[in-house]
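**Q** According to my numbering, the sequence shown is numbered sequentially starting from 15.
No wet-lab data here; the hints were simulated from the structure. Among these hints, one or two may not hold up.
Pairs of lysine to aspartate or glutamate, EDC-like flavour, derived with a Cα cap of 16 angstroms [as the list claims (entries may be wrong)]:
| id | residue 1 | residue 2 |
| --- | --- | --- |
| 1 | 95 | 127 |
| 2 | 153 | 191 |
| 3 | 153 | 194 |
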Amino acid sequence: MSEHVFPTVTQFASADLVEAIVYRGHDPAEDAGWRESGAPDLATYARWCGHICGMACLRMALLSRDGQAPSLFDLLDGARKYGAYTEEGRDIRGLIYAPFAEYVRSEHGLTAEVHGRLQTDELVGLLDAGRIVMASVHKEIRRPDRAAPGQGGHLVLVTGHAAGTLSFRNPSGHTAETRDARLPVALFAGFYGQRGVSITW
Numbered sequence: 015m016s017e018h019v020f021p022t023v024t025q026f027a028s029a030d031l032v033e034a035i036v037y038r039g040h041d042p043a044e045d046a047g048w049r050e051s052g053a054p055d056l057a058t059y060a061r062w063c064g065h066i067c068g069m070a071c072l073r074m075a076l077l078s079r080d081g082q083a084p085s086l087f088d089l090l091d092g093a094r095k096y097g098a099y100t101e102e103g104r105d106i107r108g109l110i111y112a113p114f115a116e117y118v119r120s121e122h123g124l125t126a127e128v129h130g131r132l133q134t135d136e137l138v139g140l141l142d143a144g145r146i147v148m149a150s151v152h153k154e155i156r157r158p159d160r161a162a163p164g165q166g167g168h169l170v171l172v173t174g175h176a177a178g179t180l181s182f183r184n185p186s187g188h189t190a191e192t193r194d195a196r197l198p199v200a201l202f203a204g205f206y207g208q209r210g211v212s213i214t215w
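Model the full assembly from the supplied sequences, consistent with the hints where possible.
**A** In structure tokens, the structure reads:
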């Protein structure tokens with residue numbers, strides 16, 4: 015289990031707009047705080063902000079380790095240079111784990127291991143070994159009172175476990191409680207895609 019203190023970073027520039035963006039169709043291009051993301055312009059922010067949950071997880075890890083970190087879009091630029099995201103026309107594909115792991119090892123001095131198959135008990139074992147895990151979950155993990163509509167597709171940073179629960183930071187959490195979240199392992203498993211990237215430093 016990690017003893018580090020982790021800040022909360024959202025993939026959207028303004029945390030108070032997350033609920034409106036993800037559930038009420040609010041245009042992220044109307045987020046007045048977009049410059050805080052480090053995006054070069056508003057159009058770039060609006061296009062990419064829905065795809066950078068992994069960069070938010072990475073930023074949280076770096077902030078925990080160093081007390082400072084590059085902006086979300088500086089991290090995105092670095093990850094793209096390693097091929098962790100690809101584009102086909104207007105379609106964005108990523109986060110692609112293997113080049114992402116190479117990026118964080120080479121550029122940020124983190125030890126990163128890709129897990130193409132990671133059972134929940136194995137995830138807990140990684141936490142016990144002092145790692146944190148960027149875990150693939152369904153984005154609707156932020157509403158765990160509802161049945162999971164699927165598994166995987168969105169990344170959260172799992173930071174610890176205790177008494178049968180997992181603690182994690184969710185970059186698209188729409189409330190303070192869902193951004194700094196804790197769920198029973200069995201409930202988490204319903205949303206969990208059983209893959210991810212573990213990180214140590």
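**Q** Are the hints correct? Go through all of them and say.
**A** Hint-by-hint comparison with the structure:
1. Restraint check for residue 95 and residue 127: the C-alpha separation of about 19 angstroms exceeds 16 angstroms, so the hint is violated.
2. As the CA atoms of residue 153 and residue 191 are separated by approximately 15 angstroms, the hinted pair is consistent with the 16 angstroms bound.
3. Straight-line distance between C-alpha atoms of residue 153 and residue 194 comes to about 14 angstroms, which keeps the hinted pair within the 16 angstroms bound.
Hint compliance for this structure: hint 1 alone is broken.
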